[in-house]
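A.B. asks: Please model the complete structure; the sequences and the hints are all you need to start from.
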Amino acid sequence: MTGSLDLYRAMLRIRLVEEEIAARYAEQEMRCPVHLSIGQEAVAAGVCAALRRDDQMVSTHRCHAHYLAKGGDLKAMLAEIYGKAAGCCGGRGGSMHLFDHDAGLLLSLPIVASGLPIAAGVALSFAQEGSARVAVGFCGDGSIEEGVFHETLNLAAVHRLPVLFVLENNLYSCYTGLGDRQPARPFTDLARGYAMPVETADGNDVHAVRAATGRAVGRARAGQGPTLLVFDTYRWREHCGPNYDNDAGYRTEAEFLDWKARCPLARLRAELVRDGALDEAAELAMLNAITAEIEEAFAFARAAPFPEADTVAEHVHA
Amino acid sequence: MPEPRILTVAEALREATDLCMRRDPRVFVMGEGVADPKAIFGTTAGLAAAHGAARVMETPIAENGFTGLAIGAAMMGRRPLIVHQRVDFALLSLEQLFNNAAKLHYVSNGRHRVPLVVRMIVGRGWGQGPAHSQSLETLFAQVPGLKVVLPATAREAKGQLIAAIEDDNPVVMIEHRWVHYATGAVPEGHYTVPLDGPRVVREGGDVTIVATSYMLLEALRAAETLAQAGIAAEVIDLAVLRPFVADPIVESVRRTGRLLCVDTGFRRYGAGAEIVASVVEQALGALKAPPVRLGLPEHPTPSSRALLGGFYPTALSIIDAAATLVGAGPARVEGPRAALAAALATVPMDVPHPTFRGPF
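Top to bottom, those sequences are chains L and E.
Be aware that the first sequence starts at 1, since it is given in this note's numbering, and climbs by one per residue.
Be aware that the second sequence starts at 1001, since it is given in this note's numbering, and climbs by one per residue.
Possibly wrong hints are sitting among the right ones.
Beta-carbon label-pair distances, calculated as ranges [unchecked claim]:
#	chain 1	residue 1	chain 2	residue 2	range
1	E	Arg1305	L	Arg185	48 to 54 Å
2	E	Pro1130	L	Glu145	34 to 40 Å
3	E	Pro1243	L	Pro305	29 to 35 Å
Heads up, simulated SDA-like pairs for lysine to any residue below, C-alpha to C-alpha not over 25 Å straight-line [claimed, not checked]:
#	chain 1	residue 1	chain 2	residue 2
4	L	Lys75	E	Gly1110
5	L	Lys75	L	Arg302
6	L	Lys75	E	Arg1113
7	L	Lys260	L	Arg274
8	E	Lys1038	L	His159
9	E	Lys1038	L	Arg274
10	L	Lys75	E	Lys1038
11	L	Lys75	E	Glu1011
Not close to chain L: a few residues of chain E, all C-beta gaps over 10 Å, as computed [as the list claims (entries may be wrong)]:
#	residue
12	Pro1060
13	Gly1145
14	Asp1168
15	Asp1247
16	Gly1327
17	Ala1342
Keep in mind the hints are simulated off the structure, nothing from the lab.
Only a predicted model underlies this, so the values are computations on that prediction, with no experimental measurement involved.
Even for Gly, the Cβ is constructed at its ideal location relative to N, Cα and C.
C.D. replies: Rendered as structure tokens:
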């Protein structure tokens, strides 16, 4: 069972990796889009804490946190973003295609909602094999606007597939707010439309995320079918890239500050300090250990060789 | 020597599917209508009864969704076979096929495999109209990572489908509805016909005719008539559009010096365009005349048979094009051509078979 301290370490690690990517992005060596997960760490950490390593997840373009929380290899992630042969995709995918099959992050896909039916298909394979494993498909609020979101919920419901649909509502699709894209109604109605259980929780409260996910996982493993999980959270930085963009005109500094005050890490840290589970020395040790790991991984990724140019046409067919 | 066993292509496809399901418990079938009374024009008949609803999955009307479902299952080692009653329905699944199925092996640097077969059927006749009759094989053939096969004859159809189901790559199989009626000798049991390029079906030294799918049957009919006029046509079945292999075609044109391509789909940007380009690149000096392409004209398919008179290439238009290519005057082919025209006139132009009473 993952303890609160482990959850905090997982979230802090995601935050620090993402901040380091942001800090180094201007070096022009990470030459692919990056969709940072800063602000949304609790969803990734909470969901993954309720899963087993051999459960499989399918993520989106904003996949860094999911990959890391599920146990994806950090060096392979950074090497991929640097376009190196040691990257998880050998330099063929970039930051939007992160995967670590052995860790249970089956794949990430950069087309909105495209991974949802694949997650359901993974669940179908588990059902066909009689396995108790579960599949997880991540999506954002924009996914709801895609037809395949509804196709997949319907398919999963009618076949009672052991799959969780994790909807991370961060209120924006690129620079367009939810209110400009969807009518006002609770997202829970979406699940009701497919006769599917739904769980909602504060996406910045890692305990609530884990508890909700745990209930859904329990149902899926017991053959009771899929669940829609709705977690409200907030992306701190721009849609794609390393910067803050509160001056871009599509959202306000005040809104950002309001969400920042609800930082998922600060919230858990306060609890740990209050409970005496984290003192200054322990926090410093944790910080130093994570920082050292990140520095080593960046050094590895930067020094790693690029793929050989003459391998470019390999693996078109199996 | 026992009598050869004669099956239709539809029966051969059904037999291939049943055989693969018996041999490999990971194989399952999914699609709209795979377990219904019509059973995809008989090509899935009896499979649900034999193998159960879990392995012959009736799906909601969600082409992109269930294609993604199949991809996810395939990535985990299952072997799904999707069936679409029309190519036009499969268009709703292009996102999954093009972005995911075709690329997951490549983007994972060889780690992931998508052993998926997607059958889709080209409608023709009985007023199918513009969105129930499209033959869009080159759309799929343009995407690296997919394999694209168009069966035309019964023995090959069975072996190609078995090969497709046993392939570790996503394979799109495009079946012309009228090909389903074609009969031929089909061996019992397991065998494969490799998905590795074109196949010379009839040998001849005067003109090379390359055809896909149903147009192969028209081309073979044309070749018989041309032979009666003393013109020896070599007929090549371009059964596999991707991976594209031009060698047998180029080699044939080196001997005949003349190339006629007959597309089941649109002429413009059709398979013929790729074939002609490859031949010109590799054997320009061997050409005695400019290559000729036949295919569908520059407008959608209308429903009324009154508007369809010149829409599809036929054995007759193939005869005319081939005769012109070899420099034979109309008088040379006139007799056999008139006999064929009279025979064809006894069957209505909008049905696949004399016994057909519609609809489908």
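A.B. asks: Output the numbers, in ascending order, of every earlier hint that fails for this structure.
C.D. replies: 2, 9, 10, 11, 12, 13, 14
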